[in-house]
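Going by our numbering, the first residue of the sequence shown is number 47, and it counts up by one from there.
Bear in mind the hints are in silico, worked out from the structure with no lab data behind them.
Some hints could be false.
Said to hold, decoys possible - Taking lysine to aspartate or glutamate and the EDC-like style, the derived pairs with C-alpha atoms no more than 20 Å apart in a straight line are:
hint	residue 1	residue 2
1	83	230
2	79	68
3	95	127
4	152	131
5	152	238
6	83	194
7	161	110
8	161	185
9	161	194
10	79	194
11	152	129
12	83	243
13	171	185
14	79	198
15	83	110
16	152	110
17	79	110
18	79	230
19	152	198
20	171	158
21	152	194
22	95	129
23	152	243
24	152	126
25	79	243
26	83	73
27	83	140
28	163	110
29	79	140
30	163	194
31	79	238
32	152	96
33	152	127
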Amino acid sequence: MANTTTADPKLDPYTAKAEKTEHTPQEKIDGFKGIVKNVHTAMMVTRGKDGSLHSRAMTPTQWESLRFMFVFNNVSHKGEEIEADSHVNLSFYDSSTTNWASVSGKANIINDPAKIKENWSSFMKGYFGKVDSQHPGNENDPRVSLIEVVPENIRYWVATSNKLVQSVKTAASAITGSGDPPGELRIITSQELQLVEGLNQTHV
Numbered sequence: 047m048a049n050t051t052t053a054d055p056k057l058d059p060y061t062a063k064a065e066k067t068e069h070t071p072q073e074k075i076d077g078f079k080g081i082v083k084n085v086h087t088a089m090m091v092t093r094g095k096d097g098s099l100h101s102r103a104m105t106p107t108q109w110e111s112l113r114f115m116f117v118f119n120n121v122s123h124k125g126e127e128i129e130a131d132s133h134v135n136l137s138f139y140d141s142s143t144t145n146w147a148s149v150s151g152k153a154n155i156i157n158d159p160a161k162i163k164e165n166w167s168s169f170m171k172g173y174f175g176k177v178d179s180q181h182p183g184n185e186n187d188p189r190v191s192l193i194e195v196v197p198e199n200i201r202y203w204v205a206t207s208n209k210l211v212q213s214v215k216t217a218a219s220a221i222t223g224s225g226d227p228p229g230e231l232r233i234i235t236s237q238e239l240q241l242v243e244g245l246n247q248t249h250v
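Whole structure, please, built from the sequences with the hints as guidance.
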């Protein structure tokens with residue numbers, strides 16, 4: 047039986063043609079930020095102690111610096127899963143364009159009151175709810191913590207044509223067998239993320 051677990055560009059022409067490497071790190075990051083700005087909500091995936099993957103929709107309170115901050119209830123399963131395995135994935139999908147992004151990174155839990163206050167907004171009270179005098183459902187509630195996700199690798203797809211044209215291209219590729227993608231696959235490596243973060247810090 048042929049080995050199907052090793053990536054081979056010759057056997058995956060669609061991905062090979064879609065992947066674009068001529069963009070600068072900053073250009074790729076700007077394109078990624080455009081997707082996040084339009085989508086707002088991420089699917090956060092964590093790994094349970096039994097190895098199973100769990101995902102849930104979460105909206106970051108900060109992301110422009112590429113360090114994603116989320117307010118969460120620290121008595122939920124998310125906290126114990128991150129403490130057991132800090133590897134997480136964030137995914138974003140824009141159904142209006144078919145653009146998507148996948149962020150692989152590591153998460154850590156933050157309990158700093160100043161940072162919690164910085165990321166808190168009043169509408170979050172509805173999520174936590176007032177339980178008793180010790181758990182008032184505001185930024186001082188001991189259940190309130192932050193999840194910070196630091197990306198290690200980002201992959202995203204940006205469509206180069208509208209949905210109708212994409213459908214036509216896909217149909218044409220099916221007939222010709224050419225495997226021509228209607229968009230670009232861009233990869234931001236950990237080295238590129240560190241480079242851009244360093245450049246941004248020098249301009250602060």
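Verification of the hints:
no., hint, result
1, 83 - 230, "19 Å, holds"
2, 79 - 68, "18 Å, holds"
3, 95 - 127, "7 Å, holds"
4, 152 - 131, "9 Å, holds"
5, 152 - 238, "17 Å, holds"
6, 83 - 194, "18 Å, holds"
7, 161 - 110, "16 Å, holds"
8, 161 - 185, "10 Å, holds"
9, 161 - 194, "11 Å, holds"
10, 79 - 194, "17 Å, holds"
11, 152 - 129, "11 Å, holds"
12, 83 - 243, "19 Å, holds"
13, 171 - 185, "8 Å, holds"
14, 79 - 198, "15 Å, holds"
15, 83 - 110, "9 Å, holds"
16, 152 - 110, "17 Å, holds"
17, 79 - 110, "7 Å, holds"
18, 79 - 230, "15 Å, holds"
19, 152 - 198, "7 Å, holds"
20, 171 - 158, "18 Å, holds"
21, 152 - 194, "8 Å, holds"
22, 95 - 129, "10 Å, holds"
23, 152 - 243, "16 Å, holds"
24, 152 - 126, "14 Å, holds"
25, 79 - 243, "14 Å, holds"
26, 83 - 73, "15 Å, holds"
27, 83 - 140, "10 Å, holds"
28, 163 - 110, "18 Å, holds"
29, 79 - 140, "12 Å, holds"
30, 163 - 194, "15 Å, holds"
31, 79 - 238, "15 Å, holds"
32, 152 - 96, "19 Å, holds"
33, 152 - 127, "12 Å, holds"
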